[in-house]
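As given, the protein sequences belong to chains C and L, one line each in that order.
Okay, so the first sequence: first residue is 1 according to UniProt numbering, each after it adds one.
Okay, so the second sequence: first residue is 1 according to UniProt numbering, each after it adds one.
Please note that the accuracy of each hint is not assured.
Here are a few chain C residues that face chain L, going by a calculated C-beta distance under 8 Å [to be verified]:
#, residue
1, Leu62
2, Ala95
3, Asp106
Negatives, chain L to chain C, calculated, CB over 10 Å [claimed, not checked]:
#, residue
4, Trp103
5, Leu129
6, Leu131
7, Ala174
8, Leu177
9, Pro191
10, Leu252
Computed from the model, here is a short list of chain L residues facing chain C with C-beta under 7 Å [stated by the list, open to error]:
#, residue
11, Ser176
12, Gly178
13, Ala179
14, Asn181
15, Ala195
These aren't lab readings, by the way, just hints derived from the structure by calculation.
The beta-carbon is built from N, C-alpha and C at its ideal position, and this holds for glycine as well.
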Amino acid sequence: MTGPLLRIEGLTKRFHSGGGLFSRERAMIAVRDVSLEIARGEVLGVVGESGCGKSTLARLILRLIEATNGRIVFDGTELTALPASALRAMRKRMAMVFQDPYSSLDPRFTLARVLAEPFRVQSRAMPPDAVAAMLAAVGLPETLATSYPHQLSGGQRQRVGIARALALRPDFVVLDEPTASLDVSIQAQIIALLADLRDKMGLTYLFISHDLGLVRYFCDRIVVMYLGSVVEVLPDTKAAPRHPYTDALMRSGFAPDPARRREIAPLGGEIPSPFALPAGCAFTTRCAFASDRCRSERPVLSQDPAHPVACFHPL
Amino acid sequence: MSAWPAPMRALRWPVGGIAGAWLILIVAAALFAPVLSPYAYDAQALKEAYGSASAAHWLGTDEFGRDLLTRLMYGARTSLSVSATAISLSVACGMVLGAAAAWFGGRFDRAVTVVVDLTWSFPEILIALILVAIIGPGTTGTMIAIAVAYLAQFTRLTRAQIMTLKGETFVEAARSLGAGNTYILLRHLLPNAFAPVLVAAMLATGDAIILEATLGFFGLGAQPPVPSWGGMMSAGSALVFKAPWIIIFPGLAVAATVLAINLYGDALIAELDIRSKLRGAG
């Protein structure tokens with residue numbers, strides 16, 4: 001069992017809107033030509049602003065939406081070529097934790113039913129004490145089994161979401177901003193829980209977030225996306241940014257330590273409409289280093305395996 | 001949240017309780033009419049015709065001397081059973097159509113939507129009249145006519161519900177676990193769409209009682225001598241000045257029952273907290 005657990009090649013998703021009686025059809029590229037590898041046991045972070053395509057990328061990888069182009073290879077099996085029934089069977093090896101813990105649980109399901117669902121849809125017998133064990137694994141009391149989601153706090157619901165994702169002991173879990181809707185104090189608990197479960201179960205994570213600080217704390221490698229494209233892959237959490245966008249992202253964060261508090265550098269310029277991307281680098285409208293070449297030619301991700309960056313003027 | 005189901009909790013509202021009590025009374029009267037009623041509904045006593053309220057006939061008698069209270073109870077039987085059966089039929093078909101339209105989308109959805117919007121733009125009474133004219137008068141004809149007249153409403157409401165629910169994260173979560181279409185539709189979408197449809201069905205039953213009475217008034221409903229509230233009012237309309245009770249009591253029965261359904265429905269909507277969801281019904 002060597003090689004990456006997951007490899008994606010040239011993944012592209014184009015969305016169409018309009019085209020009815022009353023509007024002209026427009027196309028936007030949500031994810032453009034993304035290639036990545038995730039090693040077994042790795043935590044790969046994906047950061048970017050809202051609308052940069054990171055959640056779309058997550059759904060493409062799990063084939064919750066179909067890609068326009070590209071290949072996804074999971075542990076030697078090409079997901080993009082799998083027929084529906086084989087894909088459904090494959091789903092027990094991959095799972096997803098969703099951003100919004102309020103809508104990710106059916107309001108009419110008790111927690112016991114929520115946690116039994118993975119077994120049920122995969123036609124697997126559920127061990128009699130499984131619900132209690134799953135609740136315990138995410139730090140919830142067994143007595144909650146008969147509760148409904150509305151009786152739980154956001155943090156508790158997200159724990160249920162995690163327990164459901166891990167019910168069938170998957171190898172690979174996509175975490176789509178699992179802490180973005182939670183209070184800061186709860187965020188830390190959830191991240192600690194996710195780290196603990198990864199160690200215990202040998203999981204591989206794709207961790208999506210807009211919080212670069214959080215990603216730097218939790219992930220091994222970090223993919224930076226801007227308007228659907230990967231602009232940089234940071235090989236480790238301490239690597240200095242080479243793309244001006246990553247640099248700007250890092251410098252626009254707030255430092256909690258007042259002694260280290262400094263001038264923050266908000267990004268200027270406008271984000272271009274995803275329906276009308278510039279011909280060259282998508283970041284030119286906001287970049288201090290943009291040259292004529294940047295405006296006319298699109299930089300591709302360099303093949304430098306140590307630290308790939310898609311920029312003509314890397315830092 | 002209390003342990004009582006919402007329909008019981010709605011009875012604790014002052015207005016909901018009174019309305020609910022009236023409905024229970026009317027349903028009981030309809031169900032047990034043969035046991036409770038003092039006379040047979042077609043027992044004529046021409047000597048006692050046009051009698052006003054008395055100890056023997058609490059609500060008086062009609063032009064054939066038949067006991068009005070008895071006929072009112074049997075009339076409740078006709079009105080309630082026709083309306084409730086028609087609406088049940090309408091809900092069942094509407095849920096299947098609406099769910100299928102929302103689920104499959106594409107051309108099927110567009111076809112259903114066009115037909116629904118078309119029928120939606122006609123008053124229910126017009127649709128019902130045309131259908132009764134085609135099928136022929138009688139209880140079966142009225143039942144089918146009422147069912148079709150309200151079909152658009154339930155199709156539309158169910159479709160709107162399923163469309164909204166389809167985008168919920170828990171549906172995506174089920175899919176990510178490997179759930180198939182049938183499972184998602186039956187376990188997640190339809191159960192969540194059910195409560196608003198049920199309340200809309202209840203409110204529509206009130207309208208259906210009026211529609212049934214209207215068809216009965218035109219002589220298109222239950223055929224004599226079987227009593228219906230609409231038919232009784234029709235007979236009484238010619239005798240408004242001679243024996244006003246013949247038209248007044250069935251009229252009051254229709255008004256009170258429809259009002260009670262609406263008031264109880266309001267309490268139920270408040271208890272279930274689904275006011276916003278019902279907007280899909282227009």
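Taking the hints in turn, this is what the structure says about them:
1. Checking Leu62(C) against chain L by beta carbon gives a least distance of about 6 Å; that is within 8 Å, so the hint holds.
2. A least Cβ separation of about 7 Å between Ala95(C) and chain L falls short of the 8 Å threshold, and the interface hint therefore holds.
3. The interface hint given for Asp106(C) is met, as the beta carbon of that residue sits about 4 Å from the closest beta carbon of chain L, less than 8 Å.
4. Every CB of chain C lies more than 10 Å from the CB of Trp103(L), the least distance being 16 Å, so the non-interface label holds.
5. No beta-carbon of chain C is positioned within 10 Å of the beta-carbon of Leu129(L); the least distance is around 34 Å.
6. At roughly 32 Å from the closest C-beta of chain C, the C-beta of Leu131(L) stays outside 10 Å, upholding its exclusion from the interface.
7. The Cβ of Ala174(L) does not lie farther than 10 Å from every Cβ of chain C; its closest approach is about 7 Å, which violates its non-interface assignment.
8. The claim that Leu177(L) is not at the interface with chain C is violated, since a C-beta of that chain comes within 10 Å of its own (minimum 5 Å).
9. Taking the minimum C-beta to C-beta distance to chain C, about 5 Å, the non-interface status of Pro191(L) is violated against the 10 Å cut.
10. With a cut of 10 Å on Cβ distances, Leu252(L) stays outside the contact zone with chain C, its closest approach being about 40 Å.
11. Checking Ser176(L) against chain C: minimum C-beta separation of about 5 Å stays under 7 Å; hint holds.
12. For Gly178(L), the suggested interface contact is upheld, since its CB lies about 4 Å from the closest CB of chain C, less than 7 Å.
13. Satisfaction of the interface hint for Ala179(L) is found here, the shortest Cβ-Cβ separation to chain C being roughly 4 Å, below the 7 Å cut-off.
14. Given the 7 Å rule on beta carbons, the hint for Asn181(L) is violated: about 10 Å separates it from the nearest Cβ of chain C.
15. The beta carbon of Ala195(L) is not positioned within 7 Å of any beta carbon in chain C (closest approach about 9 Å), and the interface hint is therefore violated.
The structure shown violates the earlier hints numbered 7, 8, 9, 14, 15.
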